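There are 2 protein chains.
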Amino acid sequence: MAASEVLIKGQQAQVAARALAKIDATTRNKALLKMADALLAEQEYLIAENAIDVKAARAAGTAEPLIDRLMLDSGRIEGIAEALRTLAQERDPIGTVTEGRTLYNGIRLTRVRVPLGVVAMIYEARPNVTADAAGLCLKTGNACILRGGSLANNSNISMTNVLYKAGIKAGLPEHWLQSIETTDRSATTELMQLVGLVDVLIPRGSASLIRTTVENAKVPVIETGEGNCHLYIHKDADPETILPIAINAKTQRPGVCNAIESILIDKEAAGSFAPMIIKALTDRNVIFHADETIFEIAQSLPEEQASKVKQATEDDWGREYLDLEVSFKCVKDVEEAIEHINAYSTHHSDAILSQDYSAVARFVQEVDSAAVYANASTRFTDGGEFGLGAEIGISTQKLHARGPMGLDALTSTKFILEGSGQVRG
Amino acid sequence: MAASEVLIKGQQAQVAARALAKIDATTRNKALLKMADALLAEQEYLIAENAIDVKAARAAGTAEPLIDRLMLDSGRIEGIAEALRTLAQERDPIGTVTEGRTLYNGIRLTRVRVPLGVVAMIYEARPNVTADAAGLCLKTGNACILRGGSLANNSNISMTNVLYKAGIKAGLPEHWLQSIETTDRSATTELMQLVGLVDVLIPRGSASLIRTTVENAKVPVIETGEGNCHLYIHKDADPETILPIAINAKTQRPGVCNAIESILIDKEAAGSFAPMIIKALTDRNVIFHADETIFEIAQSLPEEQASKVKQATEDDWGREYLDLEVSFKCVKDVEEAIEHINAYSTHHSDAILSQDYSAVARFVQEVDSAAVYANASTRFTDGGEFGLGAEIGISTQKLHARGPMGLDALTSTKFILEGSGQVRG
Chain X
35 MAASEVLIKG
45 QQAQVAARAL
55 AKIDATTRNK
65 ALLKMADALL
75 AEQEYLIAEN
85 AIDVKAARAA
95 GTAEPLIDRL
105 MLDSGRIEGI
115 AEALRTLAQE
125 RDPIGTVTEG
135 RTLYNGIRLT
145 RVRVPLGVVA
155 MIYEARPNVT
165 ADAAGLCLKT
175 GNACILRGGS
185 LANNSNISMT
195 NVLYKAGIKA
205 GLPEHWLQSI
215 ETTDRSATTE
225 LMQLVGLVDV
235 LIPRGSASLI
245 RTTVENAKVP
255 VIETGEGNCH
265 LYIHKDADPE
275 TILPIAINAK
285 TQRPGVCNAI
295 ESILIDKEAA
305 GSFAPMIIKA
315 LTDRNVIFHA
325 DETIFEIAQS
335 LPEEQASKVK
345 QATEDDWGRE
355 YLDLEVSFKC
365 VKDVEEAIEH
375 INAYSTHHSD
385 AILSQDYSAV
395 ARFVQEVDSA
405 AVYANASTRF
415 TDGGEFGLGA
425 EIGISTQKLH
435 ARGPMGLDAL
445 TSTKFILEGS
455 GQVRG
Chain V
35 MAASEVLIKG
45 QQAQVAARAL
55 AKIDATTRNK
65 ALLKMADALL
75 AEQEYLIAEN
85 AIDVKAARAA
95 GTAEPLIDRL
105 MLDSGRIEGI
115 AEALRTLAQE
125 RDPIGTVTEG
135 RTLYNGIRLT
145 RVRVPLGVVA
155 MIYEARPNVT
165 ADAAGLCLKT
175 GNACILRGGS
185 LANNSNISMT
195 NVLYKAGIKA
205 GLPEHWLQSI
215 ETTDRSATTE
225 LMQLVGLVDV
235 LIPRGSASLI
245 RTTVENAKVP
255 VIETGEGNCH
265 LYIHKDADPE
275 TILPIAINAK
285 TQRPGVCNAI
295 ESILIDKEAA
305 GSFAPMIIKA
315 LTDRNVIFHA
325 DETIFEIAQS
335 LPEEQASKVK
345 QATEDDWGRE
355 YLDLEVSFKC
365 VKDVEEAIEH
375 INAYSTHHSD
385 AILSQDYSAV
395 ARFVQEVDSA
405 AVYANASTRF
415 TDGGEFGLGA
425 EIGISTQKLH
435 ARGPMGLDAL
445 TSTKFILEGS
455 GQVRG
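From first to last, the protein sequence lines are chains X and V.
Mind the numbering: the first sequence is residues 35 to 459 in this note's numbering, read in order.
Mind the numbering: the second sequence is residues 35 to 459 in this note's numbering, read in order.
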């Protein structure tokens with residue numbers, strides 16, 4: 035049986051990874067700049083190839099928001115190139131000494147950041163992810179295998195070609211970047227199971243893509259994304275902060291993972307705060323899925339508000355609407371809020387609003403999420419906002435990386451031990 | 035269908051993990067001491083239950099070394115208890131702030147070590163691992179599910195009982211420690227696939243156990259163990275260091291993962307160094323699997339040495355003998371040595387002996403292994419030797435932890451963000 039495209043590319047990537055590990059940061063950064071230049075120089079070709087995908091997607095009846103994410107134009111290509119240039123300016127993680135000491139026997143130990151080796155990314159029909167993933171892998175000295183959505187196949191192949199050639203001209207080794215070209219679905223599964231060749235697989239996209247990956251992968255995976263985030267309003271919340279934060283966390287960008295999907299409020303504070311929250315958010319076209327107490331409160335509000343408050347079902351507490359919808363529930367106290375969040379949250383980002391020292395202390399200690407906030411909007415969960423630089427994604431697992439992942443998440447470490455003839459006693 | 039033992043225990047462990055996360059280090063350390071006391075107090079019961087396993091294993095014709103690993107006696111129980119006492123004295127990793135800063139908008143960000151949650155361990159018929167695993171998980175605030183080898187089932191159940199009760203008396207929450215009691219093999223697979231309940235699974239034992247786990251697990255795994263380690267003797271090696279290090283790395287404990295399995299030597303140095311290496315190691319009953327050049331050199335040595343030098347096959351370069359056997363091969367130079375090691379090593383521990391600055395620099399930079407040595411024995415790869423304290427195992431994967439894993443490897447982190455009403459612009 036002939037080796038498959040995926041297996042061959044996996045083996046080539048492993049060889050490329052060894053060569054990449056020897057390339058210094060100056061060369062890697064220069065390649066990023068050349069890649070940015072090449073995208074601009076070849077934009078006519080890229081837009082023409084992308085147009086084939088867009089036309090086919092339209093003919094297949096693809097929904098307009100997906101077409102929009104798929105489409106490339108001159109402005110978008112400029113944005114993608116600019117992101118590569120910014121990446122070139124970032125601190126180089128490779129070679130950083132993360133710890134070091136002289137052992138009791140005189141051996142000098144240093145622990146040094148090294149590339150992971152071969153990084154595979156699986157994503158949907160978003161051509162910008164192609165350049166973003168290629169750039170992040172190169173910045174961290176990793177060989178890269180891309181598997182983009184089949185709807186964007188021509189866009190991905192053409193963009194990979196342009197980036198690859200620019201990298202080669204800048205001195206990168208053969209096969210430093212590869213994309214899987216067959217649209218056969220079994221190739222995706224094969225990539226997920228390339229044990230010994232792929233050091234980490236990162237799915238980037240919808241919840242269903244991520245779940246399929248976790249379910250089928252045999253290589254190490256970093257799970258990203260899903261955010262059923264909570265805003266808990268404690269009875270001692272500063273009233274001044276409630277509306278600005280609720281509005282920001284729910285409505286600034288409802289489709290992103292760090293937007294809130296659920297509001298909890300202390301029962302004894304619901305009478306005074308819930309009406310103003312409902313007014314502020316329904317004014318911004320938010321639909322509520324409310325528990326009984328909140329639903330009842332809503333009945334005494336003006337019809338235009340009350341009509342936007344539905345009765346919640348058990349299902350609502352676990353939902354990530356990614357839209358102008360939010361569940362709204364009363365809790366007895368901080369303890370019940372923590373319990374509810376730990377049970378229903380996707381452990382992404384959850385916030386408390388309170389001026390009570392002990393309630394805040396307990397919440398940040400006991401809520402088991404990647405980012406736990408006191409008195410701020412959950413919208414800050416982001417690599418750039420956290421000062422981590424370029425972001426790979428937001429990990430919702432606990433192993434290797436948790437929360438916003440900066441470049442360090444695409445590295446491993448090794449121990450270097452320098453002796454003078456020591457043997458173990 | 036009734037829920038299985040594994041599913042029920044997984045769910046109970048998740049509840050226990052939340053409770054454990056609130057327990058302070060004083061209570062956890064006190065529990066470790068109580069567990070040590072309980073093992074000593076109950077040693078008659080433990081030895082009697084163990085005797086049932088030993089008898090059954092003997093009746094089933096189990097090999098004597100396995101019986102030896104299975105057997106408990108008073109001295110061994112004292113050793114196990116002592117290990118728990120030592121663990122109680124170690125630094126507490128939970129709550130350590132690993133980074134922190136004030137963001138541009140005034141939000142104070144701290145990143146804090148937290149338990150992983152639920153840790154599952156799969157291991158073979160070694161009762162000492164039961165206490166060791168329970169202790170390490172407790173020290174790091176994790177709920178623990180144990181799956182020991184079925185040969186040791188009575189030993190595991192009795193030891194888990196004794197440890198569990200001692201922990202409960204010391205104030206630990208219900209189900210902080212559980213072992214899977216059914217000897218049904220499908221329970222092991224079920225445990226490996228308990229997605230959403232098990233935060234990390236660590237197989238401890240033979241290469242085949244680890245491979246089966248990696249192949250079947252759907253929960254995150256930390257791969258440990260296999261060590262095809264190399265000693266590369268460069269032409270400019272200090273002759274004084276060659277024999278002590280070769281003898282130590284090969285013969286001090288040939289059955290452990292950081293012992294060498296392969297010696298490489300520069301071809302131009304083989305004539306002068308190979309005969310003394312062969313003499314020193316055959317004197318210690320080591321069998322060589324040699325390439326052509328070394329085999330030829332051996333033919334001119336005394337019969338008692340030459341007879342212990344066999345011709346190697348391709349297969350030998352990848353073998354982990356775990357015994358008094360070693361492969362021995364000539365290479366052209368440091369470049370070929372690095373290539374050979376990167377191709378055949380299990381990326382555990384590999385060493386160069388050389389006084390040449392550039393050869394050493396290149397070797398430690400380019401050899402892609404968890405621990406890379408210059409002029410010292412590979413036998414030092416160990417959490418204690420590296421100053422990491424108690425060791426969970428030695429990771430041969432690149433994600434999350436690489437090389438000897440200290441207590442930190444059983445932790446994750448979370449970001450805590452303390453604001454005063456900030457919203458994202």
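In case anyone wonders, no lab produced these hints; they're calculated from the structure.
Treat the numbers as computed from the prediction; the structure is a model and nothing was measured.
Don't be surprised by glycine CBs; every beta carbon is placed ideally from N, CA and C.
Hints should not be assumed to be uniformly reliable.
Here are a few chain X residues that sit away from chain V, every Cβ distance over 12 Å (derived from the structure) [said to hold, decoys possible]:
no.: 1; residue: Q46
no.: 2; residue: Q77
no.: 3; residue: G113
no.: 4; residue: T120
no.: 5; residue: I191
no.: 6; residue: D233
no.: 7; residue: K269
no.: 8; residue: I279
no.: 9; residue: G289
no.: 10; residue: P336
no.: 11; residue: Q345
no.: 12; residue: A435
Result set (DSS-like, lysine-lysine): computed pairs, CA atoms no more than 27 Å apart in a straight line [claimed, not checked]:
no.: 13; chain 1: X; residue 1: K252; chain 2: V; residue 2: K252
no.: 14; chain 1: X; residue 1: K56; chain 2: V; residue 2: K366
no.: 15; chain 1: X; residue 1: K56; chain 2: V; residue 2: K199
no.: 16; chain 1: X; residue 1: K269; chain 2: V; residue 2: K269
no.: 17; chain 1: V; residue 1: K199; chain 2: V; residue 2: K269
no.: 18; chain 1: V; residue 1: K269; chain 2: X; residue 2: K366
- Task: Taking the numbered hints from earlier one at a time, note which ones the structure violates and give those numbers from smallest to largest.
- Result: Hint check: 6, 8, 12, 15, 16, 17, 18 fail, others pass.
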